[in-house]
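Asker: Construct all of the structure, not just a fragment, from the sequences and the given hints.
From first to last, the protein sequence lines are chains A and B.
Position 74 of the first sequence, counting from 1, maps to 67 under our numbering, and the rest follow consecutively.
In our numbering, each residue's number is its place in the second sequence (first place is 1) plus 794.
One thing to keep in mind: the hints can contain errors.
Stretch-level coverage of chain B by chain A, calculated; a stretch enters the list once three of its residues show a Cβ under 8 Å from a Cβ in chain A [claimed, not checked]:
#1 907 to 916
#2 1017 to 1023
#3 1115 to 1128
Heads up, incomplete: computed chain B residues facing chain A, CB under 8 Å, no partners named [stated by the list, open to error]:
#4 1044
#5 1055
#6 1328
#7 1330
Derived from the structure by calculation, the hints contain no laboratory data.
Computed from a predicted structure; not experimentally measured.
C-beta atoms are modelled at their ideal positions from N, C-alpha and C, and glycine is treated no differently.
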Amino acid sequence: MRKIYSILAVSLLLLLTAACTPSGPVTLTLMTHDSFEISEETIAAFTEETGIIVEILKSGDGGEMVNKAILAKDDPLADVLFGVDNTFLSRALDNDIFVAYDSPALANIDASLQLDSQNRALPVDYGDVCLNYDKAWFADSDLEPPTGLEDLADPAYSGLTVVQNPATSTPGLAFLLATVGHFGEDGYIAYWESLVANDLLVTNGWEDAYWGEFSGASDGTRPIVVSYASSPPAEVLFAAEPIDEAPTAAVVGDGSCFRQIEFVGILQGTEHQEEAQQLVDFMLGATFQEDIPLNMFVYPTNSNATLPDVFAEHSLIPANPATVDPSAITANREAWIDAWTTTVLR
Amino acid sequence: MTPFLRKLYPYRHWAFLLPLLFFGLFYFYPLGAILQLGLAPDGRLQLSHILDFLSDGYFLSILWFTFWQAVVSTLLTVGLALPGAYIFARYQFWGKATMKAIMTLPFVLPTVVVANAFTALLGPRGLLNEAAQTWLGFSSAPITLERTIWMILLAHVFYNYSVALRMISGYWQNLNPDLVEAAQMLGASPWRAFWKVNWPLLRPAIFAATVLVFTFSFTSFGVVLILGGPGFSTLEVEIYRQAVNLFDLPIAAALSLLQILFTFVLMWFYTRSQAGLTRPLRLKSARATVRPIKTLFDRIMVGGNLGLMFILLASPLLALVSRSFLTDNRLTFQFYRQLTVNERGSIFFVPPGWAVFNSVAIALVTMVIAVGLGLISVYLIATDTAARTQHQNHRLWRIRGWLDPLFMLPIATSAVTLGFGYIIALNKPPLNLRQSLILVPIAHALVAIPFVIRAVLPALRRIDPKLREAATLLGADAPQVWRQIDWPLMRRAVLVGAVFAFTISMGEFGATVFIARPNMPTMPVAIFRFLGQPGELNYGQALAMSSLLMLVCAIGFIAIERFRLGDEGEF
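Answerer: Here's what the structure looks like:
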């Protein structure tokens, strides 16, 4: 009997010390959006390397996640935030939710992707929002597939295009920005007017456009949709039967896509700043970066990371996407959306 | 009854505090916090920005649209469901339980998936249009409902039909058919007999269903966003846009408050009109009130309603299930097989078995919380005469008139607003529940309790107090009276509430309601994960998981309806 008591006492003591000493494994919470995907192996590699456990907290779509992080600023929900993009970056920076971190990994990242000079938000991946078209539809028709934004306004392309509402959809907003970048602030509204005249269809989200209206992926009737440059390789990878050629293709002509860059940042108020820095370094390092494409269908920012074959084969990176100055996005995002809404929806 | 519970019985009134505490902590406190942050960020009301928005024609047009589409949706839903409720209450026919389960399935399906089922039937290349073009010689698709108000109305009927049908038929079943027969024997036409006898007796259940369906249509989000498209906007959609896309908390808070106040006023009038409407009735066992199908009228009635249900509810579901077994018009099980494969070693992969387990576990916890607190709430709300005279002057009892409308508010509250409220309110011990798993069923129960209350309250009010008095005279103690009188008479209504609590939880994708999704991915979460990426395999798996979700729910419904406390038998 006495033996049991001593065992109990010892284990209780052990438990107490384990609970009180700070040397136990640190758990970091990684706040991210609903589209975040990564392999188990990669996260395990980080834990093995550093002894740090990572818990992932999905918090809605991009905008919702940023809003939640801002609301929770005084009692942060997490230590690190992954996935705020350049269309919402200003909201995050203006509300001061990040701590700056000059990661050594930034040396491997193209300067054009580094939008925050203070390094509060570090570019972790990027993807291009482009028009996609249904190859089979165009093969059956006399029409050539579109090669740039101007084609959609051509009366021959009447009733062929479906886009997303920029007020409710991230790719929709990115595509609006592509038109702003391409036609300029003075010209984009005229372009949208010509699209409306050409029987443009608008949905509120990417899912309803792609799965509901796009002839390349659904019973829908529209052969042109706003999606990503990396959607065609995803069609190959997730084909029901193995296929060699993607059934869809992206339009990557100069100035017809908008580059969406996603950032990672350490949240203000974290108690584990050092560990958070380790996690950020890891996310910008080769292991994590090379795991990004096949999980999230976007490109790594680290130029040393090698791309998987299916990406190299079926995906095109637009050489010259349309660009809009981030500070101009901050200043005009709402005004552009309002003008778009007035032109297209009312 | 165990001695322990017997000892607790004198303190039963304390139980009334439970629902109050629950609503206070998980609804009013976080809601108050977010409204305060939105409306008075520095402690002072800042209204000019809000008033600008509210006086804009844009806002007024949204408000008007939200209102009228909800009225029309409700009239259509209840109008169509009423004859359906009649056949479920009065006829005995083969496959009744299964049909009832199938009808409730739309409730759990994500709108994106439902939208595609509608497209498969009604779209430009859908079944009906193809048939019309091949056989009826139309040169172009004659049905063009996509992104019209008709699609919104149709979808609201699709989603809410079973709410009305279950609530009304459950109540109807125990009404004594002798009354109608007596009226007809005295020369009343069937129509007149319905108006003069059934309608007044059924009104409590019909109005309860109407109020629920109206609130749901009034706060419609996914249907308007996806099936209506960008050309339509309800208050709820506008709140989401303001809160998430524009991050304009003052406007989002003001609109949320308006929506809540509107529902409160409506509910206040409704509960006032209801409190005196329900009379104690002499009820009859459901088994004794059903009859077999015999006459031609019976056949038309049952056949017509089942036909309508098939076209309206079952055919989109069938389209969906069949699509999950097809690739290039060939039969395949690949999408189901693929559900069990973690192709990319993703950390978010969940084997279908676990997704089912997680969903069912959360739904059962939700159901227990919602039915438990809901039952306590109805006893708190129902003002039976004895309690009223006894406590008339007590202040606590006078607030009860306010409780019924207050308890309805969660279903009229924008989920994203409340979710934001949780973030800023539930952040300190002992309430730092922001990332706790228990917040999931709690948030679901908040929406489910109003269902339980609406379903059970009319049933409780029609119990004749004389039955209880008689039982007491015969020597039964209070718990025995409840067990022998209240429970058998309310059982059907409670189960209707339980089914909906289960359903609400099973179908809740929940990204907006609670902020954390700890590692317990449910079936709807898995469906949305598949829908997020291109590729036929992803879409096929989303449909396969949706079909699985329907199957699990149907089994759940049938199992719940068989629940009994003991040997009370069929009533």
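Asker: State for each hint whether it applies.
Answerer: Against the structure, the hints:
no., hint, result
1, 907 to 916, "holds (count 4)"
2, 1017 to 1023, "holds (count 3)"
3, 1115 to 1128, "holds (count 4)"
4, 1044, "14 Å, violated"
5, 1055, "23 Å, violated"
6, 1328, "4 Å, holds"
7, 1330, "5 Å, holds"
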